[in-house]
Amino acid sequence: MTSTTSTIPAKPGKPTIVHVNRQHIGQNAKDGGNRPVYTVKCPDGRTRYAREVTFEGRTRAIYNGAQLRCGARAWLETECDITLIDEMSFQDAWQAV
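Residue 1 is where the sequence shown starts when you use the numbering used here, and the numbers rise one by one after that.
The hints are simulated quantities; they were obtained by calculation from the structure and are not laboratory data. Heads up, a few of these hints could be off.
[Unchecked claim] Straight-line C-alpha distance at most 25 Å; calculated DMTMM-like pairs for lysine to aspartate or glutamate:
id, residue 1, residue 2
1, Lys30, Glu52
2, Lys11, Glu56
3, Lys14, Asp86
4, Lys30, Asp92
5, Lys14, Asp81
6, Lys30, Asp86
7, Lys11, Glu52
8, Lys11, Asp86
9, Lys11, Glu79
10, Lys14, Glu77
11, Lys11, Asp44
12, Lys14, Glu56
13, Lys11, Asp81
14, Lys14, Asp44
15, Lys14, Glu79
16, Lys11, Glu77
17, Lys14, Glu52
[Claimed, not checked] Using C-beta positions, here's what the derived DEER-type ranges look like:
id, residue 1, residue 2, range
18, Lys30, Arg73, 14 to 24 Å
19, Gly65, Asp92, 30 to 40 Å
20, Trp94, Ser6, 13 to 23 Å
Here the structure is a predicted model, which means the values were calculated and not measured. No residue lacks a Cβ here, since even glycine has one placed at the ideal position from N, Cα and C.
Take these sequences, add in the hints, and give me the full structure.
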């Protein structure tokens, strides 16, 4: 699989949310895989996965006792542009063994 880089543009009033995917970390440890561990909820509703995320502006780290619909209990929120390194879909991410 080739490395892909993409930019998620900022969308005022609609934050991009990034969290660590514990399931991918566990699977990587179990089978030696290389699944991307960052889950990115884009302002347009898409979910992408990446091995590295670069934030181009202010970003908040949030833990407030609540959880997101996906189950994440701590996450990063930003309304700035972000760059995803080794970005892929769920299907590609799960097969990155």
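Hints, one by one, checked against the model:
no.: 1; hint: Lys30 <-> Glu52; verdict: 21 Å, holds
no.: 2; hint: Lys11 <-> Glu56; verdict: 13 Å, holds
no.: 3; hint: Lys14 <-> Asp86; verdict: 24 Å, holds
no.: 4; hint: Lys30 <-> Asp92; verdict: 18 Å, holds
no.: 5; hint: Lys14 <-> Asp81; verdict: 12 Å, holds
no.: 6; hint: Lys30 <-> Asp86; verdict: 21 Å, holds
no.: 7; hint: Lys11 <-> Glu52; verdict: 21 Å, holds
no.: 8; hint: Lys11 <-> Asp86; verdict: 22 Å, holds
no.: 9; hint: Lys11 <-> Glu79; verdict: 6 Å, holds
no.: 10; hint: Lys14 <-> Glu77; verdict: 10 Å, holds
no.: 11; hint: Lys11 <-> Asp44; verdict: 9 Å, holds
no.: 12; hint: Lys14 <-> Glu56; verdict: 16 Å, holds
no.: 13; hint: Lys11 <-> Asp81; verdict: 8 Å, holds
no.: 14; hint: Lys14 <-> Asp44; verdict: 9 Å, holds
no.: 15; hint: Lys14 <-> Glu79; verdict: 7 Å, holds
no.: 16; hint: Lys11 <-> Glu77; verdict: 12 Å, holds
no.: 17; hint: Lys14 <-> Glu52; verdict: 21 Å, holds
no.: 18; hint: Lys30 <-> Arg73: 14 to 24 Å; verdict: 22 Å, holds
no.: 19; hint: Gly65 <-> Asp92: 30 to 40 Å; verdict: 33 Å, holds
no.: 20; hint: Trp94 <-> Ser6: 13 to 23 Å; verdict: 19 Å, holds
Against the hints set out earlier in the document, no violation occurs for any number.
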